[in-house]
Amino acid sequence: MATPSLSESLSSLAYSMMRVFVNWQRERRLNKVRERKQDARKATGLLAAGGVHFDGRGHSLAIRVDGSIACWGVNDRGQAPPAGVPGNFVAIATCAHHSLAIRVDGSIACWGHNENDQAPPAGVPGDFVAIAAGLRHSLALRVDGSIACWGDNTFGQAPPAGVPGDFVAIVAGVRHSLALRVDGSIACWGDNTFGQAPPAGVPGDFVAIAAGAGTEHSLALRVDGSIACWGDNEYGQAPPDGVPGNFVAIAAGAHHSLALRVDGSVACWGSNRDGQAPPAGVPGDFVAIAAGFAHSLALRRDGSVACWGQNNEGQAPPDGVSGPFRATHADL
1 MATPSLSESL
11 SSLAYSMMRV
21 FVNWQRERRL
31 NKVRERKQDA
41 RKATGLLAAG
51 GVHFDGRGHS
61 LAIRVDGSIA
71 CWGVNDRGQA
81 PPAGVPGNFV
91 AIATCAHHSL
101 AIRVDGSIAC
111 WGHNENDQAP
121 PAGVPGDFVA
131 IAAGLRHSLA
141 LRVDGSIACW
151 GDNTFGQAPP
161 AGVPGDFVAI
171 VAGVRHSLAL
181 RVDGSIACWG
191 DNTFGQAPPA
201 GVPGDFVAIA
211 AGAGTEHSLA
221 LRVDGSIACW
231 GDNEYGQAPP
241 DGVPGNFVAI
251 AAGAHHSLAL
261 RVDGSVACWG
271 SNRDGQAPPA
281 GVPGDFVAIA
291 AGFAHSLALR
301 RDGSVACWGQ
311 NNEGQAPPDG
321 VSGPFRATHA
331 DL
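Residue numbers are given in full-length UniProt numbering: position 119 of the sequence shown equals residue 119, and the series is strictly consecutive.
Honestly, the hints are just simulated from the structure, not real lab data.
Please read these numbers as outputs of a predicted model, since none were measured by experiment.
Glycine included, each C-beta is placed from N, C-alpha and C at the ideal position.
Be a bit skeptical, because a hint or two may be false.
Stated by the list, open to error - Listed next, with one range per pair, are the computed distances between beta-carbon atoms: (1) P203 to G314: 38 to 44 Å; (2) G123 to P324: 25 to 31 Å; (3) D319 to G165: 22 to 28 Å; (4) P244 to G87: 36 to 42 Å.
With these hints in hand, go ahead and build the complete structure from the sequences.
Listed below in structure tokens is the structure:
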């Protein structure tokens with residue numbers, strides 16, 4: 001049997017080293033993807049943006065590292081008090097004129113406009129793990145997977161008896177509601193004028209959901225990182241063919257949508273009239289995103305918030321908001 005030449009031995013060694021390096025790089029990339037997905041899950045509910053389509057104003061909320069809530073932007077209905085909201089909170093939600101927050105003990109604090117009983121000043125007792133705020137209705141996910149609803153139910157968006165099921169996430173649009181089941185499919189109820197809440201639901205293997213803050217479109221993040229869209233697409237905010245990519249989080253504004261990439265940057269599409277959705281996206285090392293009527297927010301790993309888009313009420317200061325804000329539930 002012939003002895004391999006020196007050049008053949010070196011070539012074999014180089015090939016083996018290349019395979020080791022490629023495998024190492026692949027595992028490193030996969031670890032980074034897993035890390036980003038975990039960061040996005042850990043930051044769920046720590047940032048919120050609101051606004052209304054008929055007056056074009058907005059506000060923003062973020063949880064400070066001490067558990068209290070910072071608010072900025074319009075406060076005409078008490079939805080975003082400039083002094084903030086004291087307490088020890090773990091999640092926040094807001095839409096047009098009211099805001100919600102889950103306390104460490106699972107109960108819910110409410111403030112802002114309460115014309116339709118969407119934000120009772122005494123709050124809502126219970127053991128809740130997630131919340132969502134629509135235009136005039138509110139949702140809360142119980143520990144057992146069922147959903148409590150209160151506020152306006154004109155379109156069936158908030159049935160007083162709640163919604164039974166085994167759900168893991170909830171969102172609220174203007175007059176519609178969505179809930180993600182354990183099996184990855186989506187239940188929908190409420191207004192379906194634009195196809196934003198098909199009564200039969202949306203089958204699929206989804207891991208996250210979002211609904212338009214102030215209008216009528218819906219998004220869902222698939223397990224493969226791509227995005228499904230349905231509902232109003234007048235401004236390109238919900239392309240029927242979806243959005244390909246490797247995303248870890250999504251947010252829906254009035255006429256624009258955002259998605260957080262694995263690398264920490266933000267993709268934007270839809271209306272960019274006020275600079276809320278620059279087509280080139282927004283570079284950065286972000287862990288969470290939120291979309292208001294015409295402004296956008298992104299939470300950095302260091303606890304600061306980047307803002308862009310409409311700032312007529314101070315809801316999106318171009319220099320951002322320093323915080324420091326809670327960037328992960330692991331800070332609890």
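Cross-check of the supplied hints:
no.: 1; hint: P203 to G314: 38 to 44 Å; result: holds, 42 Å
no.: 2; hint: G123 to P324: 25 to 31 Å; result: holds, 27 Å
no.: 3; hint: D319 to G165: 22 to 28 Å; result: violated, 43 Å
no.: 4; hint: P244 to G87: 36 to 42 Å; result: holds, 41 Å
Hint compliance for this structure: hint 3 alone is broken.
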